[in-house]
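Fit chain R to the known structure of chain C by using the hints.
The lines below spell out each chain.
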Amino acid sequence: MSAPWALLLCERLVAGAIFLQALEMMLLRSVTSDFGVWRWKSLQAEFGRLGPVVGRLLSGRGWPFLLVFQAVAAASVLAGWGSPALLVSLSVCVLLGSMRFLGTFNGGSDCMTAVVLMAVTAVRWEGSSDRSVLVGLGYIGFQLTLSYAVAGWVKLCESSWRSGAALLKFLELPQYPVSGWVRVALARRGVSLLLGWLLIGSELAISILALVSVIRGPWPPLGVVLILASGLGFHFLNAKILGLNRFLWAWLSAYPALAFWLSRS
Amino acid sequence: MTSGTTPSWEQLYGAKPFRWWNLFLNPYGNFVMAWQSLVERLAQELEDFEESDESFPAGSVAYALVLNGVEEASQGRSFQFRLRCGDEVLLLSPPSVESMTPRRMGSP
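If you read the sequences in order, they're chains C and R.
Using our numbering, the letters of the first sequence correspond one by one to residues 1 to 265.
Using our numbering, the letters of the second sequence correspond one by one to residues 266 to 373.
Extracted from the complex, chain R is given alone in its bound form:
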């Protein structure tokens, strides 16, 4: 990423190669699947939400958790994230302004 240019979207929490011991213990792989389930839950909430519901998405636990995950991955840098299903963007967060280097992240 270069200062002054728009950084490209990064995939958050992708899978890592499977090793033989992962047959018994696969913490990272299971974390990635749980993360994906969380993102799918948020996507479902976005599909179901009614425009009269003013508490959404700020009041949504799934949204708060997804935001936690993006914040953690950004490691203190500013970020913006989007939720995409195929070509359709379901959610585009406002950019955060916490630090100097912007970082953009996206779900699949």
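Looking at chain C on its own, in the form it has when it is part of the complex:
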């Protein structure tokens, strides 16, 4: 995969992820209305010092327009009509959206969306020179690898994760729509222990395999396909079992960068 092609894929995929996020927020308009959880009246104190323009954009009246703009801009980039100025506008929308919910709406997925979008925007703004494309893909690939490495390492250091108990507890949290048969299966100590280690192993394996390709050279095409497919399978299961659909699309948008670095000769 060539570097410009990998960056183009990152751009289109992150635009698709942002388009879906904007649609979700439109469907959730009641939570930002004057009677919703995140009503502007309660948030005003937090954002007052950012000035009247930001205030108007994030208020109950401005927010729906911002979402429509975000959806239209993301669809334009997805369709291939993206310009550096449009990408900058989209970045501003994504950052404002994350801020409005006191940090992030959905934690890591918003962070990964911002990482990919900012990197693509910076490269396009610079003029997409060969060097900047490589730096952009390097940044995205590094952040993606780091996300797996940190998650895997933290779990490896925790005895509750190594014993499988933490996984069981995690899946019992009320915000995750874990189906009954998964809970029953995980209640068996052997299953939770095995799945706990599978999780730690797969998170660390992706980062180690990426590091190996930097040190020892590219993986053969079949190896690259297997690494990417196992990573995507992991995110698909996360979406299916835990309802983390945003993570699937956000991480998918960073995968072309990983594919590029794994196969680069």
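Careful: at least some of the hints might be erroneous.
To be verified - Derived coverage of chain C by chain R (criterion: at least 3 residues anywhere in the stretch with Cβ under 8 Å from a Cβ of chain R; other residues may be distant):
(1) 13-24
(2) 37-46
(3) 166-180
(4) 245-259
What the hints assert, rightly or not - With a straight-line cut-off of 30 Å between C-alpha atoms, the simulated DSS-like cross-links for lysine-lysine are:
(5) 240(C) to 155(C)
(6) 281(R) to 169(C)
(7) 155(C) to 41(C)
(8) 169(C) to 155(C)
(9) 281(R) to 155(C)
(10) 281(R) to 240(C)
Stated by the list, open to error - With beta-carbon atoms standing in for the labels, derived distance ranges:
(11) 184(C) to 312(R): 28 to 36 Å
(12) 312(R) to 131(C): 43 to 51 Å
(13) 340(R) to 129(C): 54 to 62 Å
(14) 338(R) to 64(C): 42 to 50 Å
(15) 229(C) to 340(R): 45 to 53 Å
(16) 315(R) to 220(C): 28 to 36 Å
(17) 305(R) to 220(C): 40 to 48 Å
(18) 276(R) to 69(C): 47 to 55 Å
Keep in mind the hints are simulated off the structure, nothing from the lab.
All of these numbers come straight from a predicted model, not from anything done at the bench.
C-beta: ideal position from N, C-alpha, C; glycine also.
Okay, now just chain R, sitting in the frame of chain C:
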């Protein structure tokens, strides 16, 4: 809930079963996760707060937002809510007196 008896605690905003289209759009599921993040932020503020801070919790944005969520779910009825971590109750709100039927709600 019967008049004259103490109603039991209700879990606020629990997850719903995942459908195939939720792979693309999962508004309610993501709302529940954002709500949980908000509750965790309030729990963190409760852990960090110093007793000399008289503006807490009334001055806390996280508290105001959690209160909005409880109010919205109560649909105009009076309510009381608590924030619990394991067996430890981190916060117990005063009961509201807005209407006739009390409703009690709790976080996990």
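Evaluation of the provided hints:
1. 13-24: Coverage by chain R holds for the stretch 13-24 of chain C (3 residues, Cβ < 8 Å).
2. 37-46: Holds: 7 residues of the stretch 37-46 of chain C have a Cβ under 8 Å from chain R.
3. 166-180: Result for this restraint: holds, n = 7.
4. 245-259: Since three or more residues must qualify, the claim that chain R covers the stretch 245-259 of chain C holds, with 3 doing so at under 8 Å.
5. 240(C) to 155(C): Roughly 21 Å separates the two Cα atoms, so the pair holds.
6. 281(R) to 169(C): 18 Å, holds
7. 155(C) to 41(C): The given pair, whose Cα atoms are some 40 Å apart, is violated under the 30 Å limit.
8. 169(C) to 155(C): 14 Å, holds
9. 281(R) to 155(C): 27 Å, holds
10. 281(R) to 240(C): Holds: residue 281(R) and residue 240(C) sit about 12 Å apart, inside 30 Å.
11. 184(C) to 312(R): 28 to 36 Å: At 34 Å between Cβs, range holds.
12. 312(R) to 131(C): 43 to 51 Å: 47 Å, holds
13. 340(R) to 129(C): 54 to 62 Å: Once the Cβ atoms are compared, 58 Å apart, the range 54 to 62 Å for residue 129(C) and residue 340(R) holds.
14. 338(R) to 64(C): 42 to 50 Å: At 23 Å between Cβs, range violated.
15. 229(C) to 340(R): 45 to 53 Å: At roughly 47 Å between Cβ atoms, residue 340(R) and residue 229(C) fall inside 45 to 53 Å, so the hint holds.
16. 315(R) to 220(C): 28 to 36 Å: 59 Å, violated
17. 305(R) to 220(C): 40 to 48 Å: Holds, at about 44 Å.
18. 276(R) to 69(C): 47 to 55 Å: Since residue 276(R) and residue 69(C) have Cβ atoms about 36 Å apart, the given range 47 to 55 Å is violated.
Hint check: violations occur at hints 7, 14, 16, 18; the rest are consistent with the structure.
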